[in-house]
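My request is simple: use the sequences and hints to build the entire structure.
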Amino acid sequence: MKETILLTKHMRDNPEDSHLIESYEKNNGYTTAKNTLLNSTPENILEEIKSSNIRGRGGAGFPTGVKWGFLAEDEDRYLVINADESEPGTFKDRILLERDPHQLIEGIIITCFSANIKEAFIYIRGEYAKPARRVQQAVEQAYEKGYLGKNIFGSETDLDIVVHLGAGAYICGEETALLNSLEGRRGEPRLKPPYFPAAKGLYMKPTLVNNVETISAVPWIIENGGEEYNKLGVEGSTGTRIFSLSGHVNNPGNYEIEMGTSFGEFVDTLGGGIRNNKKVKAYIPGGASAPWFRGDQLDIKMTIDDVANNNSMLGSGAVVMMDEDTNLVSAAKSIVSFFAHESCGQCTPCREGTTWLEMILDRIASGRGRTSDINLLLDVCDNISPGLTWPPKMTTICPLGPSAVSPITSLMNDFRGEVESLIPTKVLL
Amino acid sequence: MSWDEKLLKQAKKIIKLYPQKRSALGTLLHLAQSKDGYISDDSISVISDLVGITEVQVKSVSTFYSMYKQEPTGKYLLSVCKSISCEINNSSEVINKLQEFTGLNNNETDEDGLFTFEAVECIGACGGAPAMQVNYETVEGLTAENAINLCSWLKEKQPDIVVADDMQKDFGGVKSFDWAIKDNSGATSNAPGFQTLKTTKAKK
Chain A
2 MKETILLTKH MRDNPEDSHL IESYEKNNGY TTAKNTLLNS TPENILEEIK SSNIRGRGGA
62 GFPTGVKWGF LAEDEDRYLV INADESEPGT FKDRILLERD PHQLIEGIII TCFSANIKEA
122 FIYIRGEYAK PARRVQQAVE QAYEKGYLGK NIFGSETDLD IVVHLGAGAY ICGEETALLN
182 SLEGRRGEPR LKPPYFPAAK GLYMKPTLVN NVETISAVPW IIENGGEEYN KLGVEGSTGT
242 RIFSLSGHVN NPGNYEIEMG TSFGEFVDTL GGGIRNNKKV KAYIPGGASA PWFRGDQLDI
302 KMTIDDVANN NSMLGSGAVV MMDEDTNLVS AAKSIVSFFA HESCGQCTPC REGTTWLEMI
362 LDRIASGRGR TSDINLLLDV CDNISPGLTW PPKMTTICPL GPSAVSPITS LMNDFRGEVE
422 SLIPTKVLL
Chain B
1158 MSWDEKLLKQ AKKIIKLYPQ KRSALGTLLH LAQSKDGYIS DDSISVISDL VGITEVQVKS
1218 VSTFYSMYKQ EPTGKYLLSV CKSISCEINN SSEVINKLQE FTGLNNNETD EDGLFTFEAV
1278 ECIGACGGAP AMQVNYETVE GLTAENAINL CSWLKEKQPD IVVADDMQKD FGGVKSFDWA
1338 IKDNSGATSN APGFQTLKTT KAKK
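Taken in order, these protein sequences are the chains called A and B.
Offset between the first sequence (1-based) and this note's numbering: plus 1.
Offset between the second sequence (1-based) and this note's numbering: plus 1157.
Be aware that a few hints might be false.
[Claimed, not checked] Ranges of calculated distance between the beta carbons of each label pair, as one might list FRET restraints:
| id | chain 1 | residue 1 | chain 2 | residue 2 | range |
| --- | --- | --- | --- | --- | --- |
| 1 | B | Ser1309 | A | Gly155 | 55 to 65 Å |
| 2 | B | Asn1247 | A | Asn36 | 48 to 58 Å |
| 3 | B | Glu1250 | A | Gly368 | 16 to 26 Å |
No lab work stands behind these hints, which were simulated from the structure alone.
A virtual CB, placed ideally from N, CA and C, is assigned to each residue, including glycine.
Written as structure tokens, this is what we have:
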């Protein structure tokens, strides 16, 4: 299989200076935005996005055109780019921010024109200090050129972009937590309803919250047409997607491919196979929140719907391969520790539950587990997400708590023997 | 108020970037940290006046986020990733050896104020696992040995600016992505958050 290069084209063609406006413009950058602002209408742009059938690349996979269509009327409306990429295994937005910030800015200009928005924020996780410097530099270059500010490209359109740095909280990837954070509050997810920031978002005003990759795709879609984009990939998962491949593979990295191929083919070709010719014991199809697949499930297709039909999620597009020698209890413990650390603490099932799961798994991993621990793990999981179903039922404001349950249900469903083998049968003295 | 005129001017510029004053809080906390290496009580008081909220409200926000440090931080903040991709690529060995080398527990700073050590969650360098950051500059494809060499080098040279590309070249291995822009900018302090936010914008 081969990659299909749309979003990563400019950065690959110009590896030395793809982040600079001179390089971006030399390769026809900003012409789509300029044409849009001078010759198109907001309705036309929305139609193209709808006909592209692009779905959000942040994790939930919500149709972008539908989201834009929801945006309520108001004098003040905002666009917030979610660049809080923190899902373990994911590093695709990092490359888009670091290597091609002008593509994102052009996407923002077109999006704001379509949605009649005059103020946009790029919320970048604090640990991405270097990518954030690049984006800030790019924003300043765009201001100097008159591509941001008042009367962009000599049109009637005004737009300001503010780059905002987070400060180390995964939970701010949840859109309402991100908005609270941007309002200068603790990054705690908001109670729903209101369900959609498009109705009540930043300062309770209509707000579009979109992922970096989604908005970076906008210039290509508008330049080539929604129909062209819709032809790529498969129905329900159109276009290309940047998958972050990591774990025990020979060639980890970001790969831009059309959705629809199988995980096995992806890993064997682009990923160069598993290191030392080992077999896959288990793999994560879509970031740490996603339930695992077994090594004998590599023929599952990489589409949003195929993965969902197999009771997991394509999520943020982070694929993590774990070979036959992996200690899956330690792996699960690492993921649960992550969620315990990142729980915002609002909801008791998540705050207390994730901490208990971490302690019990730690006990088992260090050889001090108790026979009763397996049922205890499942009981704690059931208190966080009743019935352990997929998609998970919730006892909490946001899905972070139930996400911590995913690796444990995967362990118990498919690798229970491995957990049991770590629990001593003799009494420890 | 013990922020000097220059800092206050910068703070006021930052506040103007946002539709509402309070939105500047996160950025002002980064500014405070770049001044002192942590969020001092004094900064909390200044910020509460600037933004028009109580000191408790400022404190409650600053303690929510792990990058705002509540105690002075060493010249080099060593953040080693322990999340899933790094974990299955032996990050625990890097963590153990670095703790041995520095003699530091998690979130501890040495007496000379040179190193602060922390084991952190995912830093988005999973393709180059195991990875770490020095003052938020990323080094990927580490081995325990190279991580120690990196820290020995920091200890010996004590550079004022640490640059990801330089560290990667001398101490790194596999990277998350390969096509690379040569970049000599780097982190000038253990709170590089703020330096990315120049406030030179021509606002409406």
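Here is what the structure says about each hint:
no.: 1; hint: B:Ser1309 to A:Gly155: 55 to 65 Å; verdict: holds (57 Å)
no.: 2; hint: B:Asn1247 to A:Asn36: 48 to 58 Å; verdict: holds (51 Å)
no.: 3; hint: B:Glu1250 to A:Gly368: 16 to 26 Å; verdict: holds (19 Å)
Consistency with the previously given hints is maintained throughout, with no hint failing.
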